[in-house]
Amino acid sequence: MPTTNDAGRSRSSSPVRHIPRDGQSGSRLQGLNPVQRAAVQTLSGPMLVLAGAGTGKTRVITHRIGELIRSGVAADRILSVTFTNKAAREMKGRTAELIGRGSRAKPVICTFHALCVRILREEISQLGYPSQFRIMDRGDQESAARRVLREIRVTEKSLRPGDFLSAVSRWKSAGVGASSAADAAESDQDFLAAMGYRRYQEQLRGSGAVDFDDLLLLTDRLFAEFPKALARQQSRFDHVQIDEYQDTNGIQFRLISALVERHRNLCVVGDDDQAIYGWRGAEVRHILGFGSHFPEAAVFRLEDNYRCTDRILELANRLVRHNRSRHPKTLRAHKVSTQDVRVIEYPDEQLEAEKVVLEIRFLMHKKDVPPGDVAILFRTNEQPRLFEAELRRTNVPYVLIGSQSFYDRKEIRDILAYLKVLAHPQDESSLLRIINVPTRGIGAKTVTSLQERAVHEGRSFWEVVGQAQSEGTLPAKASEGLRSLKQLFVDFRRKFQESPRQMERHVEDLLGQINYDSEIERQYKDAQQQLARTAVLEEFVESIGDYVRQTAGPTLDDYLASIALEGRDDEPDKDEQSAANAVKLMTLHSAKGLEFPRVYMVGMEEGLLPHKRSVDGTAKEIEEERRLTYVGVTRAKDVLTFTRAATRRKWGKVKPSIPSRFLYEMFDDSYAPVSEAEDDSTGNEM
18 MPTTNDAGRS RSSSPVRHIP RDGQSGSRLQ GLNPVQRAAV QTLSGPMLVL AGAGTGKTRV
78 ITHRIGELIR SGVAADRILS VTFTNKAARE MKGRTAELIG RGSRAKPVIC TFHALCVRIL
138 REEISQLGYP SQFRIMDRGD QESAARRVLR EIRVTEKSLR PGDFLSAVSR WKSAGVGASS
198 AADAAESDQD FLAAMGYRRY QEQLRGSGAV DFDDLLLLTD RLFAEFPKAL ARQQSRFDHV
258 QIDEYQDTNG IQFRLISALV ERHRNLCVVG DDDQAIYGWR GAEVRHILGF GSHFPEAAVF
318 RLEDNYRCTD RILELANRLV RHNRSRHPKT LRAHKVSTQD VRVIEYPDEQ LEAEKVVLEI
378 RFLMHKKDVP PGDVAILFRT NEQPRLFEAE LRRTNVPYVL IGSQSFYDRK EIRDILAYLK
438 VLAHPQDESS LLRIINVPTR GIGAKTVTSL QERAVHEGRS FWEVVGQAQS EGTLPAKASE
498 GLRSLKQLFV DFRRKFQESP RQMERHVEDL LGQINYDSEI ERQYKDAQQQ LARTAVLEEF
558 VESIGDYVRQ TAGPTLDDYL ASIALEGRDD EPDKDEQSAA NAVKLMTLHS AKGLEFPRVY
618 MVGMEEGLLP HKRSVDGTAK EIEEERRLTY VGVTRAKDVL TFTRAATRRK WGKVKPSIPS
678 RFLYEMFDDS YAPVSEAEDD STGNEM
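For the sequence shown, this note's numbering gives the first residue as 18, with consecutive numbering after it.
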């Protein structure tokens, strides 16, 4: 890496363009510290901004967009890419405040997957797909996977559809195509998945569909095989920024490298100490090796932390220094601790949950601490069960972050299936989901018979239906149900095409015409449940109205693409309103990017944190677990408490646990927990 001067910017031999430092610029950037300001004012060439936790990286990204525009760069020639829809929305909002919401030209701020959708809409026909391709959701994928496994005669006992899709996703993220999957197989299950991979892709392509991973894979293939398409995309942008660069995988790295090849105006922002997604293909080596790919790069280290107290940062710095593969950096606190970080040991996991919740209840009722200020962070999805039970028992409001997505609810998936068939008449998997929902007299036996005939004759489902109706071989009730359903699709397809800005009303009319209320009443006998499900549908219809109001040229196909991207976001659904005044329970992975005044990190034991898979694995895996712990520690703004259970029940037997090695590393080998009996936190100010 280049050497770094006192200001935190690495020296490089190539000239770096800066915006003039006039008085007006100074006032605009008054809220930035010297290193942030230097990064914001570096406007050309490759640059790496190493942004530690709580150091204001989003401010740097958005202010730099503003400075690029003020220096004469057209706003729509700037591309800023991040990993989640929430981060993209936040960046758009902050940028709009800086450059003015009335600006006609706007920078392109989006996720990697949304960027690839934009590119593929223009170019995918060269790969043999329709330009109006549909993006399969998880339900569509699982249906396709089941069909594939049946066709290759693999039972669910040998390979579950979810495991098949996980293997295919892993290969796609690594850029491995169907023809090479068998060579990359690492287990018997992988070999079975490799057998179905090609057929799965053929099925998708035949129905004009792509899955979430295809968005990146196909764009990568497009750039590699069609130089003119790549040149067109390269000519779109003069400046590219990447947020959370430590989370890029191999394909994302290649895509960005290709896009900036001509001008090399690439600004990447990230923190190698927060690289926690290696298990899904992210490669920390991209941020660690940025200097070798771009030797002329300027490097800025943001080390002033405005979130955590000095004691919390002392532990975080001490912990992460045990990792060998990292850029050297030390976070500096701007807040002084008013109390120490505690480590409490309980006899078992039941008491751990009871006492943590008791303390939270005490803080709420005796110290006026809002429940929304508190987060309980854990490593595995099994851990929150006991905490949830205690929170419910003691009437402490809470929300489990990362639970079922809004778009995974049955009623939403049903209506989305109707909309998918309207947008893509060839989408038979969506049609089969709702062909008799609500009931319209089309029995499962009839549907199976029609499906089998369609496969045998190599014809579409509707072609076979028409033939069977003309032959009079369908039951009368089923025939009438299919006729009315087909006419429904014809009528509403015309409505959506003729007046897309009335999309919200069309969906309301659709719900009324199919009488979806009857399906809710059939599924849920309890009146309160029925009301709750109806409210979910109302919220869905309202979301369609929001989409129309925020989009210049709304179309049903574009809306479905946006939903597919939203539903597959890299973060859980964090409903800020419902969670505002409730204790948050979430995994450490879900907590990344968030902050809380008070944090409890529970289950600090070997086998939980670090996870058992990592304990039995490699040093590289332990380093990622250490970074995950670092992420958890740096979520705490003011108060941090570690807890562990001395014993845990596993497979019905009580077994002793071992304190997490990370506790010893943080407390400099002087780890000395307070026992539950010694802790009197509910009697004193925390």
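By construction, these hints were calculated from the structure, which means they are not laboratory data.
Any given hint could turn out to be false.
To be verified - No more than 30 angstroms apart at the CA atoms, straight line, and that leaves these computed lysine-lysine pairs for DSSO-like:
(1) 672 <-> 372
(2) 670 <-> 372
(3) 462 <-> 174
(4) 174 <-> 654
(5) 109 <-> 629
Claimed, not checked - The calculated label-pair distances, taken between Cβ atoms and stated as ranges, are:
(6) 552 <-> 486: 33 to 43 angstroms
(7) 612 <-> 114: 50 to 60 angstroms
(8) 486 <-> 667: 58 to 68 angstroms
(9) 530 <-> 205: 31 to 41 angstroms
(10) 201 <-> 667: 47 to 57 angstroms
(11) 492 <-> 173: 26 to 36 angstroms
(12) 492 <-> 138: 41 to 51 angstroms
By construction, the Cβ of each residue, glycine as well, lies at the ideal position given by its N, Cα and C atoms.
Hints, verified against the model:
The hinted pair formed by residue 672 and residue 372 meets the criterion: a straight-line CA distance of about 20 angstroms does not exceed 30 angstroms. Taking the CA atoms of residue 670 and residue 372, the gap is about 22 angstroms. The hint holds against a cut of 30 angstroms. Annotation: proposed proximity of residue 462 to residue 174 holds, straight-line Cα distance about 25 angstroms (limit 30 angstroms). At most 30 angstroms may separate the alpha-carbon atoms for a hinted pair to count; residue 174 and residue 654 exceed this at roughly 47 angstroms.
Restraint check for residue 109 and residue 629: the C-alpha separation of about 40 angstroms exceeds 30 angstroms, so the hint is violated. Checking the proposed 33 to 43 angstroms range against residue 552 and residue 486 shows it holds: the Cβ atoms sit about 39 angstroms from each other. The supplied range of 50 to 60 angstroms is broken by residue 612 and residue 114, whose beta-carbon atoms lie about 21 angstroms from each other. Look at residue 486 against residue 667: about 59 angstroms separates their beta carbons, and that is inside 58 to 68 angstroms.
For the pair residue 530 and residue 205, the supplied restraint of 31 to 41 angstroms is violated, since their beta-carbon distance comes to about 49 angstroms. Roughly 34 angstroms separates the CB atoms of residue 201 and residue 667, a value that falls outside the hinted 47 to 57 angstroms. Roughly 31 angstroms separates the CB atoms of residue 492 and residue 173, a value that falls within the hinted 26 to 36 angstroms. Remark: the range hint 41 to 51 angstroms for residue 492 to residue 138 is upheld by a beta-carbon distance near 42 angstroms.
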